[in-house]
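Protein chains in written order, with full-length UniProt numbering: chain A, 1 to 574; chain B, 1 to 300; chain C, 1 to 324; chain D, 1 to 526.
Incorrect hints may appear among the rest.
[Said to hold, decoys possible] Which bits of chain C does chain D cover? Going by a derived footprint, with three or more residues having C-beta under 8 Å, they are: (1) 44-57; (2) 82-89; (3) 156-167; (4) 266-280.
[As the list claims (entries may be wrong)] Label-pair distances were calculated between CB atoms; the ranges are: (5) C:61 <-> B:100: 29 to 39 Å; (6) B:150 <-> C:58: 16 to 26 Å; (7) C:158 <-> A:71: 56 to 66 Å; (8) D:219 <-> C:102: 51 to 61 Å; (9) D:411 <-> C:66: 55 to 65 Å; (10) A:122 <-> C:88: 51 to 61 Å; (11) A:131 <-> C:133: 52 to 62 Å.
Rather than coming from a laboratory, the hints here were simulated on the basis of the structure.
Glycine is no exception: its CB is placed at the ideal position from the N, C-alpha and C atoms.
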Amino acid sequence: MLTVENLTVQFPGRFGTFTAIEDVSLTIERGEIHGLVGESGAGKSTIGAAIIGLLQPPGFVSNGSIHLGDTDLLILGDDEAHQTRGKRISMIFQDPQTSLNPLMTIEDQLIETIQTHEDISTEDARSRAISLLEETGIENASQRIKAYPHQFSGGMRQRVVIALALCTNPELIIADEPTTALDVAVQSQVLDLIRGLANTRGIGFLLITHDIGVIAQTCQNVTVLRGGQVMEHGPTQQVLNAPEHPYTQSLMAAVPRLDVKLDRFLVPDTEEGVETAPIGRSAEDAERWLRSGDEMLGQGLSMEGVTVKFTGARDSLFRKPEVFVALDDVSMTIRPGTVMGLVGESGSGKSTMAKVLTGLVQPTAGTLKLNDSTLPLARQRGRKDPSRRVIQMVFQDPYSSLNSRHRIGDILAEPLWLYGLENDRAKRRDLAAAMLDLVGLSADAINRYPHQFSGGQRQRIAVARSLLARPRVLICDEPTSALDVSIQAQVLNLLKDLQARFSLTILFISHNLAVVRQMSDDITVLKSGKVVEAGPSEAFFNDPQADYSQELLSLTPNYVGQKGVASQTLVTEV
Amino acid sequence: MMSRFFQSDGVYYFLRTPSAIVAAIIVVIIVGGAIFAPWIAQSNPYDLASFSLMDGLLPPVWQGGDPRFLLGTDNQGRDMVSSILYGARLSLFIGFMSMAIATVLGVGLGLAAGYYGGRFDAIVMRIADVQLALPAILTALLIDGISRGLLPPSVQQDLRVVVLIIAIALSLWVNFARTARASVFVERNKDYVQAAMIMGQRPSRVMLRHILPNIMGPLLVIMTVDLASAILLEATLSFLGIGLPADSPSLGTLIRIGMQFQLSGEWWILWVPTIVLAALVVSINILGDFLRDIFNPRLR
Amino acid sequence: MAYFILKRLFQSIFVMLAVAFLAFSLFRFVGDPVSQMTGVETSVQDQEQLREELGLNDPFVVQFYRFTTDILKGDFGYSYRTRQPVNEMIASRIPATIELGITALMISLIVGIPAGVYTALRTRGFATQTILLTTLVGVSIPTFVIGIVLIFLFGVTLGWMPTFGRGGTVDLGGWTTSFLTLEGWSYLILPAITLGVYQLTLTMRLVRAEMMEVMRSDYIRFATARGIPQRKLHYRHALGNTMIPVITIIGLQFGGVIAFSIVTESVFQWPGMGLLFLESVRFVDIPVMGVYLVVIAFFFVLVNLVVDILYLMIDPRLRVKEAI
Amino acid sequence: MKTSRITKATLLVGTILVGASAANAETFRWASTTDPQTMDPHAVNSAPVLSFLNNVYEGLVRRDRGMSIEGSLAESWEPLEGENGWRFNLREGVTFADGAAFTAEDVLFSYQRASNEAADVRSWFSPVTDVRVVDDYTVDFITSAPNPLFPDSIANFMILDKDWAETNDAALPATDAENFATMNANGTGPFMLSSRDPGVQTVLVPNPNWWGEVEHNVTEGIFTPIGNSATGLAALLSGEIDFIQPIPLQDAAQVEERDGYSVLEGEETRVIMFGFPHEHDTLLYSTDVTDANPFQDVRVRQAAAHAIDIDAIDRVLFRGKIEPASQLVPAGISGYSEENSDRLGYDPDRAKELLAEAGYPDGFSFGLKCPNDRYINDEALCRAAASMFAAVGMDAELSTGPVRDYWPQLREDDFDMYLLGWSPGTFDMEHPIRFLKHTQDDEKRLGSWNFGNFSNARVDELLPLIQQEVDLEARQAMIDEVVAISQEEMAYIPLYTQPLIWAAKDNVDMVQRADNFFLLRWVTVE
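All chains, full assembly: derive it from the sequences and hints.
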């Protein structure tokens, strides 16, 4: 139905023409869900944009053809192209929060779209809209259709988005990372919905994602992209389980496995070209310096009955502003020199816990302990409190965790200066350079700015910064969830190494169970501010106790060992 | 990000924006002329002995004026060219000073308000409201009045400029405060700020060394725009008679004096300074727009 | 929402008081009213006596207390210059200024918004560049020069428009309006344009910037992907979202319009509050000046309240809270 | 296409306006810079008010086109025998606008009202001890001393109707609150107040039963204040007003050139002068001379006079429209001293010599104070003067400001030299002598505008004699002596008499009186 042949897309730009897509071909049949997988910059979204004819200027199709049925999409005039959009091809965007017009009720948006493409009375349009909403799994749609987007939860909103994409029953829907912004539970529901639609309505889907699990769970066929070129394509089963292309192989290897814990990841060669930190000479200095600090025993960290309440903005004179309980009497103990994995869906309070430990958030109740001495809470914790040095943090987004206006050297030297670990300017520089070496970056990075590095490299820098405080405890909040799998693998390896070498105590926060399994000794599961399960990691994964834990595990996509993913039978399952 | 745009892209797009180039040239010429006025100008309008009433009201040379005075003279016999140079000098000085004060004041308060939030924030914002409720002209009148009341007349004359600067600065700072505050609200939740806070760095350091550099973009834009409006405001105030005395020729006072001659045939006394002022303000604004586009690449 | 407005009201009261204080401290210093009130032949003693009668010799606090309490009592005092009650003087001038301000604002919106939209949709292109430049030039020439030029062009040279004043107005029970007669409009238009230019440019550039932002937002891209026709895309989806921030700024600016009408009014001899205020400054007519400032502050506060309410009306995210 | 439509629309408006103005030909519209702040003739002693109210109210006497006194509500007057004072024989059959008859009672009442301390004009009556009503049409004003000029001094003393004032409780001029008389008028004059919108528009209509012989053909007079001179000019040139007073003198030529318009030029009685700090011991603003006051040396004062190039000022600043002045009243005013009619000429070298003799060979610096919104081109004048002083080594630190805080500064003696303009209220030399030359004396209320406190025993001695002398010859002799003294003492530097420049449409005929008063009763519109 959709056939793309030797598609090439180019972006003429300042440094000559950049070829985003090169000679890509793929076909999608009616009812087929075709996965388009690749790491960031692989050109996934560009293909989608090219097909629906919304390439951001100055990009243009320099070669190749795109046919939908027997219409050549590339030769269409603006108006025809515009007709085709929505009528025959539609699109689903990544973030449901931003893809709906906040000022219009979803009713208006639906009816408008329907009437754009069909000459049909508002009444009929409305009833169609309602049935669509019900089809996409929104109960008593007839009332809720009157609502505004902000009144729906994330998952519901994505359903509305899908309804909008459906409402002119197109032949092809391009879904660009449709579930990346969603929690696993919601994710699997949305994926079910997509599969269902492919079945019942025979709509073809182009499912763009970076998540192998999603592919595995949903697609019959998959195309693996890298640098704008097709590495490999074929039935999902075969591509995932018996990849032929070396890149695909390494990519698969890098995907953290949910079913078994490996002590190291196999790392594909990537554009960064670094294996896990090659220990250079200066790296040894750094290591020596790290060890030269206080006693090398890991330090334990624990919280006791911590409760955190946030008061919302007051919006009435009479009603009290409603209180939101982020953490409800949470206790947790991290054994010295071990890694504690902390899992939970968004809003479960994971990050709040990190903030409590680092003293950014003031708990309404509870106590903290560092080793056996009490750790002062946020307001009580002075600027000069020793714990500030001992406990360091690694953030999720390496793009925002480094001040883009400071040179790497300054960023790294800051802890040394702040904690008075090293008072000589020159020495600070050397140490910073050495630490870069330790985390596997070349020392000349010192004079550059963060934006000159890739995400993975930045995360390494962030780690280096935390190490330069000579910490005993690292708190890693989703340290790799912003990274591509291959990079993720490297960073995780790095963390593992460091942890082992310096017997660091780590609190590893992640929503990705597979990653957590690979990293942690113990695990704590958090659900809406409460601990639902805690205990040794392996035990947990082999035999989860709480229902919620089981549900989580079952919903987490996992390609390995999945049987018959491609077969439609699976749709009813899960 | 910012710095990259600054180092390379800035230059790159500048060279591709003719309007910006023209504007820059105009600004450079005027500012240069203003800075070097004492050396370029043939006569100093402040030095009463340097000009004579006898040369009054001479037209520009191409209208058969005296070759000594390219653009003619005003009713005091002052060479228009020199007056303009010194006028631009004064106007720019006032503009820059008031803009600088407004920036420091506004950004300072805005940063603190955004960083600490809560009651302090509320207070600052109310003060801002009061300020907004007293638009520029009235603020100027207020300061002007108070200064007349408090300063002995003997120093008033010398302090007119200062008074004017303060007045204009006061009417501009809110802009900066609001913008800075808004940007801080965004920045303070970013990880690099959180990191700094966790480390236990002094709030002042977090604000100035970490946050400030990252919100410079929008501030820079406001600075240019407000520089322009400060210069204009000075002109307006002079027109209302609460600006500068006529013997210290800013572009504004020159225009004010020129207004008397718009009909009487001596058009140049009004239009020469007006055109210079307009050219200057327009150019600064264009540069402002250019900066905005640079700092907000999505708008390009 | 009621709470929200209530809160704003409290803040407003604070603002008013602060302004009253400033207003007061201002007019003590503008000059010596007495020497303006009396003729050349009046002797020094008589002047001193008058000063005493006016309470100008009382300590600051006493005078301030008198001023604020009187105003709160609704007693705005009497003009030194004309002996008329200040509230009547101001009241009789308010319609002129408001109508001028509103017309200016309307011009700036009616021209500014479409222009902004246009220049936002055709970012490059000759027309856009010309519009942007001309408006910029418009705001770069001092208002008073523009005003005079307009007067001589349309009033004297072409003789199309009257040059000064407000001409005949229709009296609607105390509110004199220029809106109802062609003559009224002919007097109104030039000053309104002069005053509106600045607003116009501001509005246009604001709309432009916001519109360009919105046009890049996901929901617009999604709407495009659904094949929603351009026109709807621009005016139904984009414009609405554009206006939200624009409204606030315009609200903030309206106070400025009223105040800047001082210049326009003095150039066009427009019988509004601004003109009255300038006269009063010249004659150190303290009560009038003080009340004027307070009135201006009041407008500002009022307008911003209106803006807040508009805000609530436009943006459902503020209006409907409950999730479903 | 579009444009043309616009043009049509606007043209339509245009024609409507033209039609409007064409309809009532004899409606006379005029404008001036300031609005009369009140309609109460006794409340303030300021030119705009008195000038305007002269159309509505009348005094016992009035000034004719040539400024000389003629009968108004009084047909005749003569000095009293046996005591100091004057008898006024009132005109009979005169009625106020509201029809009430005019009698001596009204004169007495008006006197009491105008001399009450609530009235700003009371200084006119400082010499008066008593007013007696002899009969309905005869009133005696008793003065403390012989006062030959008394009739001249009350030309602007206007008569209200007693009953009207009392019934509307306007028996006294308004002090704090307004009263009926501030917004309404009821005079015997040629015109009646038909509507008043302060600061916007005031309309006069002829008084049908005015006693005098009507010379005007105005059916309605509409006055509008226009503060901005450029706007006023535009209003005239666009035909919206028939007459405006004054116009900026630099525009006079342009207006003259346009056909359909004419410019009336004349001399005001106001003389512009520089004043000295005669009694200061030191200069306030000097950077070099701080221990002495050079201006106490007459040679320095003369040097200053010599430094001024009045012709250049005339040519460039005033386009040749000013008359250089030798004394504090212009020629033609009673008491003008013919024999002292020449002034110190422009002579920079002489100035330098004098400075050298006085011990300031390389000059000195001082502060020059000027208003910037009081007199024609006042600021420009001072800047020009400053550079002329500089040329002879007298370094003037000029500071200008609005008159609202200029007077207070002068009163506080805060100046080294200042600019002043003086128009003799009585149109007699005695007036400036009393206010500007006599030693300051708050008790006797003399020398109240003699800020520099020029003090000369002989002058002080002569003033009362001048005031009382009935014999004009003898009087003139004394005045000549005073003028001579102040000239050789250089009490002031008289500069020039301020020009009067009005502009009107060609078809309007009017009279420009030297006191800058504009009277509607002399206006005819062809």
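Honestly, which of those hints from before does the structure not fit? Violated hints: 8 and 9; rest satisfied.
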